[in-house]
Amino acid sequence: MTNAIRSWVKALSGSGLIGLALVVFWLLIAIIGPFLAPYDPGAFVAHDVFASFTGAHLLGSDYLGRDVLSRLLSGARYSVGLALAAALLASTAGIALALLTAVSPRWLDEGVSRFMDTLISIPSKIFSLVLVAVVGSSLPLLLLVASITYMPGSFRIARSLAVNLAQMDYVQVARCRGEGAAYIAIREILPNMIHPMLADFGLRFVFIVLLLSGLSFLGLGVQPPDADLGSLVRENISGLGEAAPAILMPAIAIATLTVGVNLLIDALPGRGRRMAGKE
Amino acid sequence: MAGPATRGLLATALPLIGKRIASGMLTLLLVSLVVFFIAQLLPGDAAQEMLGQAATADAVAALREKFGLDRPAPERYVRWLVGMVTGDPGYSLVANMAVSDVIAARLPNSLLLAALSALVSVPVALTIGILSAMHRDARLDRGLNVATLSMVALPEFLVATLAVLVFSVQLRWLPSIALIPPDASPWLILRSLAMPILTLSVIVIAQMARMTRAAIIQQLSQPYVEMALLKGIKPARVVLTHVLPNAIGPIVNAMALSLSYLLGGAIIVETIFNYPGLASLMVNAVTSRDMPLLQACAMIFCTAYLLLVLIADTVAILANPRLRNR
Amino acid sequence: MRLSRRQMLGTGFAAGMMPLLPRMASAQPRRGGHVTAACMSSSTADTLDPAKGALSTDYCRHAMFYNGLTDYDDNAQPRLSLAESLDSSDQMTWRVVLRDDVKFHDGSKLTADDVVFSLLRLQDPASGSKVKPIASQMASVRAVSPRDVEIVLTSPNVDLPSILAQSHFYIIKAGTTNFSTANGTGPFRCQTFQPGVRTLGVRNEDYFRDGRPYLDSLELIGIPDEVARVNALLSGDVQMILAINPRSTRRIRESGTHDLLVTPSGLYTNLIMRRDAVPTSSPDFVLGMKYLFDRELIKRALFRDYATIGNDHPIPPFDPLYRADLPQRTLDLDRARYHFARAGLPSTPLPLYCSPAAEGSVDMASVLQEYGSKVGLKLAVNRMPADGYWSTHWMKHPLGFGNTNPRPTADLMFSLFYKSTAAWNESGWKNERFDRLLLEARAQGDFALRKEIYGEMQEIVAAECGTAIPVFITLIDGFDKRVKGLRPIPLGGFMGYKFPEHVWWEG
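Chains as they are written, first to last, in the working numbering: chain A, 66 to 344; chain B, 432 to 757; chain C, 13 to 519.
Pulled out of the complex, with its shape left as it was, chain A reads as follows (with noise of 0.2 Å):
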């Protein structure tokens, strides 16, 4: 076991190490940053507001005179977790969703498509701002917002993916041999189109991790006194313009988190190059 991770992280090359690098730091914050937190992270313990590096608060002080530091390790955990699993819930349903409309009867596909079409086609930002008017903000209803968003996108990508790979001669002559579409779907299709679909994975989690951090601008994201990253970047914004830490920090965290995800996707070995090749 130990050894097929230490061959898989051997085999990674040095933008996706350092993509591996950074998934794992902010992994570990989430899971164990609040409890590495100086100050409790609602508490006012500075006299000054956007206070700059100092030895008490290593990452200055924010628009109300809490701790950066202890805020941003508290904060990790909703923008991780959150986005992680959005995005895993929104691509696995996208994917799962693409592969049986390639397969199924004309009527379902098209159903299914039409629905996807509905959810869509209403803009993001504004169907959770309806949302979070009817039933309050809340980290369940923010999963549910994000994965219900970024659905609709996976499932068209897989699907197109799906339908093209459907139509290659290996499925054909998979189909002549009188496979069922179950076997179809998940052993000569999926796996061709996994590593397009990571690299949509790497980008929804991107998105959603801007979403939170969209609605958390029109007020609609975690709620204070909890923060994630995208709402401390939100409501430090106002002291961007001295260059506060408040702010700088925030938006540092996400830019490492995003690219570390992405980093890491990229340089995973094709599994789909592999099969392809072999047909």
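No lab work stands behind these hints: they were computed from the structure. Ideal Cβ positions, reconstructed from N, Cα and C, are used throughout, including at glycine. Any given hint could be a false lead.
[To be verified] Derived pair list, reagent style SDA-like, types lysine to any residue, alpha-carbon separation capped at 20 Å: (1) Lys493(C) to Asn257(C); (2) Lys431(C) to Thr487(B); (3) Lys493(C) to Arg603(B); (4) Lys75(A) to Asp568(B); (5) Lys450(B) to Pro170(A); (6) Lys121(C) to Tyr219(C); (7) Lys450(B) to Arg179(A); (8) Lys497(B) to Ser192(C); (9) Lys121(C) to Leu67(C); (10) Lys450(B) to Cys241(A); (11) Lys408(C) to Gln479(B).
[Stated by the list, open to error] Computed spacing ranges between beta-carbons, pair by pair: (12) Val89(A) to Ala615(B): 44 to 54 Å; (13) Gln601(B) to Ser359(C): 51 to 61 Å; (14) Pro612(B) to Ile97(A): 29 to 39 Å; (15) Arg262(C) to Leu123(A): 15 to 25 Å.
Position chains B and C against the provided structure of chain A, taking the given hints into account.
Chains B and C alone, transformed into the frame defined by chain A:
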């Protein structure tokens, strides 16, 4: 030679378009039902929201009657639907104007911003995507990769605010708000829209470029590419004439998705740059519970999306003969 | 009671306000120029109908195009505007004589019929009037002659001149039903009105106040995002912005080219404890909460000292009616603990509703949560979206926040929010003595005696009412230093929203 080919293409495209219009109508109906249903769940109605803190029972009742909100929900929906089918999107309760007039003032703004942003982002994204796919894992690819990634790595409100700080407040090159006077010259319009376009493009370029790259790389591993290369055709030519048509499906689909974002997703850009577009109009409609206006906006976004998808699918089918059978 | 051109009413805010008056404009106002002013919001709900005015943008827009019978002076005291005189011997029947030289923008003359129409429509629920409860005090409004109007009230009220100065009471042309453009008597003519986008006014050459307005044209827009608003000011795209965050004041001051208009006001965000729910109905719980507020911290951390500490009643310290000898309530965890012990605290967290709709309430809730945890009070902060807050959450939960704009008179404040039968009696309390004093003060013409009555009412509210008012929020606007003539009027930003005819441009 061009004659029969064109006719063949048309023969494929026309039934598809016909079918799409039919299913598009179905989607529009679904959207209107969903929007109406969710909006019914919203707390308060147009009368209460209009009166705000001043909502006393008799004032609310009087306004409800005036707005026709005292009628049952299904009846209101059917009335709206009948109006819509006969070409009358109704009357905006809050703006006290015909919905068509309210929309007419905003739609051109949104279309202009979206079109200009698409004009900037599509060529850039395609170029980046193709270049990085052709130089996969080379220095150029890595550089472009990190560049596109960092473009989306920051929240758009931060990008927009940063752009304003630099270009308006510090350098004073561009106006910080994109409020264009009616008699503005094209130059002023471009200057006012420069930062909104920049912000929106930054968001969509990354997705389109990365999808392009992934789709082309997927195709590059196909046997036919090897064959073509073995035959001695130049890589650039292989990519443009053989690979691109085969990879075009996912690419145009990603583009359709990204471009539809330019209309409805522009809410943050519209807010920060104070640009009077459709997205902020729709947010207004939600917060003021102005149902006819909300429905009209939803219909427009849905139509725009369907059109983009139709174009994407048509292009995909026309470019890839194997799909025509399906 | 008599209000005439020579004789001003009231003693004014003078004492408290003097140090805050900025370098008084010594220069002669200059004519010409264009100014763009940005308010906080702009939407399709923007209106040219004074009765429907709901937001600061509306109030400013209405001040561009309309006038009231009266107006406010720098101390927020009423003075005459369209009325040439306004008299009453019993505070009940009022006689209005209109100026003779006022014309609407369409050229027609202002008559008594216009006044009757404008005031009576405010009582019609279908008009969407925001001031129906106040307007209903007018039992009849009738034209005696083309220049004379008689207003009979349902009960005596000394404050009618102040009430009539509010923007909702602005005078429109009789019979107006279409508000796609404005036909008023105001300093600017409406050239463009696009709801949610912009309002453009050009100078009304026939304005009845000689020499005014000073500007050739005035444009009003809304920029909802505060950071964007400040950037628009600093980049020179707009010359005035309403409502800036205390955290942005440094940037504006350091620019060298821009300045702040600081207006201490009676605006407050209050904690509402409903009388009809458990445990907030307990007087001990109410007192415990009032001792739980760290007013100094709220003033310093939340408002960067742009606030005035409040004493749990709605009269701010700089108001001439403020009762100074009431002891100031401060953070006292021991007393809070004592009162909570007597009230008995629930074991489950108590939901506390707040929203960005009530300025500062979200952060105040966090502060309360922090201090609550020190005395065994568990609060669950429920942050509601601004959208729908007033219709769905305000006054609907045992523990939640409200937000109240300054009102021109203590009577309006008390009648609208503290009288037991008021529609907005936020805490749902009922105090018979308070209700009686309210009517007594309204009919009392002598200032010293009224002040005494209002003093007792402040004591009652602070001691018993389920409302905690930790601070009054100071309003801060920003402007380009070339905009002249701005002075703080404690009723709102931008000179109580009435800046259009007062400012000039020295560019």
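Verification of the hints:
For the proposed pair Lys493(C) and Asn257(C), the alpha carbon gap of about 19 Å is at most 20 Å, so the pair holds. Between Lys431(C) and Thr487(B) the alpha-carbon distance is near 15 Å, which keeps this suggested pair within the 20 Å criterion. This hinted pair checks out: Lys493(C) and Arg603(B) have alpha carbons roughly 18 Å apart, not beyond 20 Å. Restraint check for Lys75(A) and Asp568(B): the C-alpha separation of about 16 Å stays at or below 20 Å, so the hint holds.
At most 20 Å may separate the alpha-carbon atoms for a hinted pair to count; Lys450(B) and Pro170(A) meet this at roughly 17 Å. Taking the CA atoms of Lys121(C) and Tyr219(C), the gap is about 12 Å. The hint holds against a cut of 20 Å. Taking the CA atoms of Lys450(B) and Arg179(A), the gap is near 12 Å; set against the 20 Å cutoff, the hint holds. About 19 Å separates the Cα atoms of Lys497(B) and Ser192(C), which keeps this hinted pair within 20 Å; it holds.
Between Lys121(C) and Leu67(C), the direct Cα distance comes to roughly 29 Å. Violation of the 20 Å bound is thereby established for this hinted pair. As the CA atoms of Lys450(B) and Cys241(A) are separated by approximately 30 Å, the hinted pair breaks the 20 Å bound. In summary, the hint linking Lys408(C) to Gln479(B) is supported, as the alpha carbons are separated by about 15 Å, within the 20 Å threshold. Separated by about 52 Å at the C-beta atoms, Val89(A) and Ala615(B) satisfy the suggested range of 44 to 54 Å.
Hint check: Gln601(B) to Ser359(C), Cβ distance near 56 Å, so the stated range 51 to 61 Å holds. Under the hint 29 to 39 Å, the C-beta atoms of Pro612(B) and Ile97(A), about 55 Å apart, miss the expected range. Distance hint for Arg262(C) and Leu123(A): a CB-CB separation of about 24 Å, consistent with the stated range 15 to 25 Å.
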